[in-house]
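Peer 1: Below, each chain spelled out in residue letters.
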Amino acid sequence: MVVLAALMSVPLLAILGKVAVEGVKNLTPQFLFQSTPTTYQALIATTSGTAIPGGIANGIVGTLLMLVMASIAAIPVGIFSGVFLAERHDTIFAKVASYMTDILQGTPSIILGIIVYAWIVIPMRGYSAIAGTVALGIMMLPLIVRSTEEAVKMLPSSYNEAALALGGSHFLTVCKVIIPSAFGQIFTGTLLAVSRIIGETVPLMFTALGCAVVQWNIARPMSGVPLLIWQFFNNPTLQPLLWSASLVLLIIVLLLNVSSKIVANKWKI
Amino acid sequence: MENIDKTILRIHDLSVAYTADKLSVSHVNCDIPRNQITAIMGPSGCGKSTLLRAINRMHELYRGIQVSGQLWMNGLDLLKTNAMQVRRQVGMVFQRPNPFPTMSIADNILAGYSLNGLRLDKSQRQTIVEQSLRSVGLWDEVKDSLTKRGTFLSGGQQQRLCIARALALRPSLLLMDEPTSALDPIATATIENLISELKQEVSIIIVTHNMGQARRISQKSLFMYLGELVECGDTEQLFSDPSDSRTRAYLSGHIG
Amino acid sequence: MLKKMKKQPNAQHSFSIGGVVSAIQNPDKRFTLLLWAAALVVPLICCAMLFSLISDSVLAFGEFGIFKFITSSQWSYTEGHESCGALPFIVGTLESTFLALFFCIPFSLTVALFVGEYYKGRKVAAVFGTITDLLAGIPSIIYGLWGFYVLRPIVVALGLSEQGSCILTASMVLAVRIVPYAASLSAEFIKMVPAELKEAAYSLGATRGEVLRTVVFPCAGSGIFSAFILAIGRALGETMTVTMRIGNTNQMPTSLLSTGNTMASIIANQFGEADGLKLSSLFAIALILFTLTAAINLIGKILIHRAQIR
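Order-wise, the sequence lines are chains U, P and L.
Just so you know, this note's numbering puts 42 at position 42 of the first sequence, and the rest follows in order with no gaps.
To get this note's numbering, take the position in the second sequence, counting from 1, and add 1000.
To get this note's numbering, take the position in the third sequence, counting from 1, and add 2000.
Okay, chain U solo, but in the shape it has when bound:
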């Protein structure tokens, strides 16, 4: 029993170990602040025996930009929707919407990718960061709805009653009592949602596509860290960069996860 449970942590150690050992080799400041090298540059560097130049700045910028835009759109909608579903959990509409949230949350990311391709990339006649943002936002939305809904449902109903018994309006009660009281859990859920979508490769493949330089124009194709990992995986000359890019992604994801745990413990009411 203990052995089987311990066996479970073997993959974790194997993954972390492999990524850490291989990844540290190339992890220099220039790796974080320069764009991806071309295959040609990498080939020259390899044959002449020097380290491959360049890094993943284009991916980091792209990931952050799309993530921030997706969050700005998805977080308020998700929180209000979650409050609604929690407050009226006994109505038919709320039940249907709640099941729809489950379905959307369980939809494979590849389907979201091609749907956003059909919705945005085809009408805009080209891949763009906007499309990537929409795909990430749709992935994020049900996660935030769910965590808000759970958080609000767990609040004692006497907070809501006390606020309304003071003559408070529904709007101010939600904004000043309900959401602040549930804030810890909502924040944890949001951090987890971000950490979940930050590593998503598939929905970006057919939406943001990728870009070799740092791109700030959101109507143009843009890269992301997971996209670069996929690109390095498929391109033998760039493979030395693979592990460092994975290490960066892994560190970000684990940091987000750990901080969400800390926040969850801190904000317990």
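Hints were generated in silico from the structure; no laboratory data involved.
Don't take each hint at face value.
[Claimed, not checked] Stretches of chain P that chain U covers, calculated by requiring three or more beta carbons in the stretch to come under 8 Å of a beta carbon on chain U: (1) 1111-1120; (2) 1146-1157; (3) 1165-1171.
[Claimed, not checked] For lysine-lysine, the following DSSO-like pairs were computed, each having C-alpha atoms within a straight-line distance of at most 27 Å: (4) U:25 x L:2123; (5) P:1080 x L:2029; (6) U:95 x L:2123; (7) P:1148 x P:1006; (8) L:2029 x U:153; (9) U:266 x L:2029; (10) L:2029 x U:261; (11) L:2120 x U:266; (12) U:261 x P:1148; (13) U:95 x U:153; (14) U:153 x U:261; (15) U:153 x L:2278; (16) L:2191 x L:2123; (17) P:1080 x U:266; (18) P:1143 x P:1199; (19) U:266 x L:2123; (20) U:261 x U:18; (21) U:95 x L:2120; (22) P:1080 x P:1006; (23) L:2120 x U:153.
Since the model is a prediction, treat every value here as computed from it, not as a measurement.
All C-beta atoms, glycine included, are put in the ideal place defined by N, C-alpha and C.
Based on these hints, arrange chains P and L on the given structure of chain U.
Peer 2: Leaving out everything else, chains P and L in the frame of chain U:
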């Protein structure tokens, strides 16, 4: 005319139904005296909290609860007035102390104003916080920690904070739903003394299933049984010479 | 008597389309409208998604017929001789998913018991709980890399497969991907078993194993079952890890060691260069996959709701 002045709230034919086929509070008629303490007592599930919550329209927060009748206060029928205005004039204290967990002590006192969207300037805020805390005897205990969270106080202090929160809006009527049932005997005694003093400022209706408490603090008592108002009258008289056999049975411990 | 009772004007719950106009003046009603609008977003996305999937796959279904599309095992796009059927991918998906589930069950169950029952509330359990959460959070592409660089050499060394790319390897990576999810979900249900029931069994002299068999599993059983259903839902749509390991060939998988393709991986592989009929066929596959995962998720969630109510 004199009679109306002495009455803060006239309950006329009030009924509450959770489900369509059963009345949880049926056809209650009663006058609540001004600047006195009225106790509603009765065994669990007799509808005393349901009656209380009908007065400040709390039943509207939940679906499918039907309330009928009239509640006359200051010349207005509370059931036909805007619910928020009603709740501003009728404060409520709950069974468990429930200061808002993310607000400081001062913000909790001012919650009634901020939740109504009313803006106050700094001196007004200070006056209201100090007056409200003084009126519940909490000022000296917390005056140095007004910016701390209200949830760090002890249970009895939290409940007094909740009373102060309700009083800050200067309501004409204060509803208390078993305010001491979650507290220890010492905190209970403090709250009871406080309630007795507060009747100078505000009329109070208190729900309790503790007969002793009703006898100790109230001037008028209502006895409810199975959703019906069985008897209502002077506390002294109701305890010493109940007119209904069910009241007598309850007071002597034969039912309950 | 009851008919005379009038329903009170209901501040929080009244809403009608006609009320929209009057809502503009009242801030509280405006807020109610805002909440409604926000809550409509998810259902709208779902419906629009279903609509798009259907309308984009009409071409393929019209060309090949729905039944033939699902049952045919040909997938070729030679000009003039297009014939396509999704059967190899459906089979590949189901095969890899259930094989992954087979690997997943013993591990996730032990971890769940470990965290939720045996060491409940102790440090070891907390550490293991954290590890499972972290494992669940690692992006799937990194699992794919692990499958390629760590697992594949082992499979090749064992002589199971020359390339190390086959359904078996794919499902092993898939299993590692879903174990944490299934484990943490089942642990929740095991934790929820009321202590009084267990105490009652212990007070009758039951051993720990007997308590597990007679109290914990029957009580948490439906919850654990739904956890595995949801894990299946995850595995069905998992793209990256599978694409990197399954070999990506478009024929019927003949054995566990043969290469194949899943519905998700065929879309990932061929969507980029697809157009016309092929694009529509890929959308048709996506529609099948969506229906499958939606159904699985719905069933799982309904079971969970029932388990929680009990």
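Peer 1: For the pair we were handed, residue 266 (chain U) and residue 2029 (chain L), check the Cα-Cα distance against 27 Å.
Peer 2: Cα-Cα ~35 Å, so violated.
Peer 1: Can you confirm whether the C-alpha distance between residue 2191 (chain L) and residue 2123 (chain L) stays at or below 27 Å?
Peer 2: holds (15 Å)
Peer 1: Checking one constraint from the list: CA of residue 1080 (chain P) to CA of residue 2029 (chain L), max 27 Å. Satisfied?
Peer 2: holds (19 Å)
Peer 1: Check whether the Cα positions of residue 1148 (chain P) and residue 1006 (chain P) lie no farther apart than 27 Å.
Peer 2: violated (41 Å)
Peer 1: Are the Cα positions of residue 2029 (chain L) and residue 261 (chain U) separated by 27 Å at most?
Peer 2: Roughly 37 Å between the alpha carbons, so the hint for residue 2029 (chain L) and residue 261 (chain U) is violated.
Peer 1: Between residue 95 (chain U) and residue 2120 (chain L), is the straight-line Cα distance small enough, at 27 Å or below?
Peer 2: Status violated; Cα separation ~33 Å.
Peer 1: Check whether the Cα positions of residue 1143 (chain P) and residue 1199 (chain P) lie no farther apart than 27 Å.
Peer 2: With Cα atoms ~24 Å apart, residue 1143 (chain P) and residue 1199 (chain P) stay inside 27 Å; holds.
Peer 1: Between the alpha carbons of residue 2029 (chain L) and residue 153 (chain U), is the straight-line distance 27 Å or under?
Peer 2: Roughly 22 Å between the alpha carbons, so the hint for residue 2029 (chain L) and residue 153 (chain U) holds.
Peer 1: Starting from residue 95 (chain U), check that the Cα of residue 2123 (chain L) is at most 27 Å away, please.
Peer 2: violated (38 Å)
Peer 1: Does the alpha-carbon distance linking residue 95 (chain U) and residue 153 (chain U) stay inside the 27 Å limit?
Peer 2: holds (14 Å)
Peer 1: For a C-alpha distance cap of 27 Å, please report whether residue 2120 (chain L) and residue 266 (chain U) respect it.
Peer 2: OK: residue 2120 (chain L) and residue 266 (chain U) at ~21 Å, within 27 Å.
Peer 1: Are the Cα positions of residue 153 (chain U) and residue 2278 (chain L) separated by 27 Å at most?
Peer 2: violated (46 Å)
Comparing the model with each earlier hint shows violations of hints 2, 4, 6, 7, 9, 10, 15, 17 and 21; every other hint is respected.
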